[in-house]
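Chemist: Chains as they are written, first to last, in this note's numbering: chain A, 1 to 356; chain B, 1 to 356.
Honestly, the hints are just simulated from the structure, not real lab data. In this text, a Cβ means the ideal position worked out from N, Cα and C, and glycines have one as well. Among the hints, erroneous ones may be present.
[Stated by the list, open to error] Computed beta-carbon distance windows for the label pairs: (1) B:SER160 with A:ARG277: 29 to 37 Å; (2) B:GLY283 with A:SER107: 32 to 40 Å; (3) B:GLY232 with A:GLU106: 52 to 60 Å; (4) A:ASP105 with B:ASP261: 23 to 31 Å; (5) B:ARG241 with A:GLU347: 54 to 62 Å; (6) A:PRO355 with B:ARG174: 31 to 39 Å; (7) B:SER160 with A:ASP108: 47 to 55 Å.
2 protein chains.
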Amino acid sequence: MSPLRNDTFLRALLRQPTEYTPLWLMRQAGRYLPEYCATRKRAGSFLQLCKSPAMACEVTLQPLERYDLDAAILFSDILTVPDAMGLGLYFEEGEGPKFERPLKDESDIRRLAVPDPHGELQYVMDAVSEIRRALDGRVPLIGFSGSPWTLSCYMVEGGSSSDYRKVKSLLYSRPELMHQVLDVTARSVTAYLNAQIQAGAQAVMVFDSWGGVMAHDAYREFSLRYLEQIAGGLIHEHDGRRVPAIVFTKGGGLWLESIADAGFDAVGLDWTMDIGRARALVGDRVALQGNLDPAVLFASPEAVAEQARRVLDSFGNHPGHVFNLGHGISQFTPPDNVSVLVDTVHEHSRRVRNPA
Amino acid sequence: MSPLRNDTFLRALLRQPTEYTPLWLMRQAGRYLPEYCATRKRAGSFLQLCKSPAMACEVTLQPLERYDLDAAILFSDILTVPDAMGLGLYFEEGEGPKFERPLKDESDIRRLAVPDPHGELQYVMDAVSEIRRALDGRVPLIGFSGSPWTLSCYMVEGGSSSDYRKVKSLLYSRPELMHQVLDVTARSVTAYLNAQIQAGAQAVMVFDSWGGVMAHDAYREFSLRYLEQIAGGLIHEHDGRRVPAIVFTKGGGLWLESIADAGFDAVGLDWTMDIGRARALVGDRVALQGNLDPAVLFASPEAVAEQARRVLDSFGNHPGHVFNLGHGISQFTPPDNVSVLVDTVHEHSRRVRNPA
Numbered sequence: 001m002s003p004l005r006n007d008t009f010l011r012a013l014l015r016q017p018t019e020y021t022p023l024w025l026m027r028q029a030g031r032y033l034p035e036y037c038a039t040r041k042r043a044g045s046f047l048q049l050c051k052s053p054a055m056a057c058e059v060t061l062q063p064l065e066r067y068d069l070d071a072a073i074l075f076s077d078i079l080t081v082p083d084a085m086g087l088g089l090y091f092e093e094g095e096g097p098k099f100e101r102p103l104k105d106e107s108d109i110r111r112l113a114v115p116d117p118h119g120e121l122q123y124v125m126d127a128v129s130e131i132r133r134a135l136d137g138r139v140p141l142i143g144f145s146g147s148p149w150t151l152s153c154y155m156v157e158g159g160s161s162s163d164y165r166k167v168k169s170l171l172y173s174r175p176e177l178m179h180q181v182l183d184v185t186a187r188s189v190t191a192y193l194n195a196q197i198q199a200g201a202q203a204v205m206v207f208d209s210w211g212g213v214m215a216h217d218a219y220r221e222f223s224l225r226y227l228e229q230i231a232g233g234l235i236h237e238h239d240g241r242r243v244p245a246i247v248f249t250k251g252g253g254l255w256l257e258s259i260a261d262a263g264f265d266a267v268g269l270d271w272t273m274d275i276g277r278a279r280a281l282v283g284d285r286v287a288l289q290g291n292l293d294p295a296v297l298f299a300s301p302e303a304v305a306e307q308a309r310r311v312l313d314s315f316g317n318h319p320g321h322v323f324n325l326g327h328g329i330s331q332f333t334p335p336d337n338v339s340v341l342v343d344t345v346h347e348h349s350r351r352v353r354n355p356a
Numbered sequence: 001m002s003p004l005r006n007d008t009f010l011r012a013l014l015r016q017p018t019e020y021t022p023l024w025l026m027r028q029a030g031r032y033l034p035e036y037c038a039t040r041k042r043a044g045s046f047l048q049l050c051k052s053p054a055m056a057c058e059v060t061l062q063p064l065e066r067y068d069l070d071a072a073i074l075f076s077d078i079l080t081v082p083d084a085m086g087l088g089l090y091f092e093e094g095e096g097p098k099f100e101r102p103l104k105d106e107s108d109i110r111r112l113a114v115p116d117p118h119g120e121l122q123y124v125m126d127a128v129s130e131i132r133r134a135l136d137g138r139v140p141l142i143g144f145s146g147s148p149w150t151l152s153c154y155m156v157e158g159g160s161s162s163d164y165r166k167v168k169s170l171l172y173s174r175p176e177l178m179h180q181v182l183d184v185t186a187r188s189v190t191a192y193l194n195a196q197i198q199a200g201a202q203a204v205m206v207f208d209s210w211g212g213v214m215a216h217d218a219y220r221e222f223s224l225r226y227l228e229q230i231a232g233g234l235i236h237e238h239d240g241r242r243v244p245a246i247v248f249t250k251g252g253g254l255w256l257e258s259i260a261d262a263g264f265d266a267v268g269l270d271w272t273m274d275i276g277r278a279r280a281l282v283g284d285r286v287a288l289q290g291n292l293d294p295a296v297l298f299a300s301p302e303a304v305a306e307q308a309r310r311v312l313d314s315f316g317n318h319p320g321h322v323f324n325l326g327h328g329i330s331q332f333t334p335p336d337n338v339s340v341l342v343d344t345v346h347e348h349s350r351r352v353r354n355p356a
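Given the sequences, and given the hints that come with them, work out the whole structure.
Modeler: In structure tokens, the structure reads:
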């Protein structure tokens, strides 16, 4: 493998000094890019795109051709693990992900087993290797997975939900069964992320997208505990280099200090919390990743630049910041606004580090 | 008017001692009750139900017949104010509220004016008077309105939104126009709530349902500021009695201390924050209302009772707690679980106040 030419992102995650604030965008390979839509059309379906290492590699690299981003992220879906557990992931046009065989009863739960990352999930490892080769040391590659709680929501609900009725009924009425789902899922996620690291992922991120829908006590018992379990089981070094791990609980601002103690190197923040306040709360325990409201990218270029500078200024001139949105980039984002964002973050953060 | 026989709710809002923790449930007159569905069917549409004082009165009282609740809340919609501004509220079966004439450009915004509460909105005042008469002093009646920000979201988007694209574009690109919408709306809400108080509402609540979707700075500038404006303009006494005002920003836990300083008597909390921690943060500035996860009501009766006791125990034996859910009750709630909740809250809170 070629040596890494831009490791700014990895250094920032480890709270080492960097010349500027690195950035990448959640869902940066996505529908706001016409070239993505073209590949997606050629693939036939979203799932076929995910399952083809060649096409997953192609779309992973597309945003890097347009923008000076500091990291690439594996193109995949967060629900690959339950799919490999046999739940049958599918997508209906214009709707969110669904499972053909959601967890309906106790016997479904008792049958759950950790999938071999080199069995059903080998296509993900193949994509990781292929992307690493194609990146050729340009920027680091991030591997990822959904969190146990987030995966369990989909596994029990059978798809997206507005009220999480089934999974919360299970959680409150049969906590021991809920724990069983979460434990198998946490072990699966750990094995899956470790296999991604061995295949070439240089950092990993756990997306706890639905953590914020829980009550405070429930979050601690049914999400955070399994995030800790994963952090404890991850490979932290590979090929002689530290592999930083990031955790992101959307809507988790109120629990930031506990999340910062969960054993990850960095914590993702959504846009509801002032990142300067967040930095003060976590101190030097972790780096922070975030946190521009993705809706800012719908506004004028001037507003995009101004709001990006506000995030940087709020964090201040300290090590340990990776710039990102507070959630995935919207399909309705004008691509030119992303250029404005990337250039502003790089230029302004260089200025902050080297005041005239 | 008959004297009020149960003022526990009003005393708790003013942080005066009570014999037990009073409770009511957001959206307590709603689709989970078969008797509500029957009246709703008879009305023909949701909007006709809201606009008929006789039927609005009928459904307002229905949950009080079933459960020992400590307050009634006016049955109405949060979007009556923009409807009276001429935006044309309508509902399509199975979908959220929509406007026929959303705010599309600057001239639409410049034309906005404060509606006379005794003009287009007289039906609401008639409902308030009729409900007060029907309650006959049994429990207090709560009046309410949507917050300026929440109303503005609907007015600009034209309906519900998953990304608030239009309203956030306006906010970031044309803040002065956004402020104009919010200012007219805040003055309208103030006049509307004051008219409800004069018609007989004994407490009022402002629902900032979408406040939590904003970035921290934007929340302060585009929601909180107008909540403060309303608090400053409300009638605080009527008929020789204090009229407490409650504010509820869903997803506002991170901003609790600022919200507590906005000038309201009580702050509603969703279920993501521990209510004991919230009490410690707000001290004796305000009462708190909340905060059981409404999804708990999908679980077993034992789980309902246990989780309700946890909320009460977390708040502790202090004045200033009104029990509620952290959001509106779901249409899928089993009505029997509501009985368990009401009885548990009353019994357990009496026990906490008078330990054996």
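Chemist: Confirm or reject each hint.
Modeler: Checked hints:
1. B:SER160 with A:ARG277: 29 to 37 Å: Check passed, 30 Å falls within 29 to 37 Å.
2. B:GLY283 with A:SER107: 32 to 40 Å: Violated, since B:GLY283 and A:SER107 (Cβ atoms, about 51 Å apart) do not stay within the stated range.
3. B:GLY232 with A:GLU106: 52 to 60 Å: holds, 56 Å
4. A:ASP105 with B:ASP261: 23 to 31 Å: Roughly 50 Å apart at Cβ, these two residues miss the hinted range, so it is violated.
5. B:ARG241 with A:GLU347: 54 to 62 Å: The hint (54 to 62 Å, Cβ to Cβ) holds, given that B:ARG241 and A:GLU347 are roughly 60 Å apart.
6. A:PRO355 with B:ARG174: 31 to 39 Å: holds, 32 Å
7. B:SER160 with A:ASP108: 47 to 55 Å: violated, 34 Å
Going through the hint list in order, the structure does not satisfy hints 2, 4, 7.
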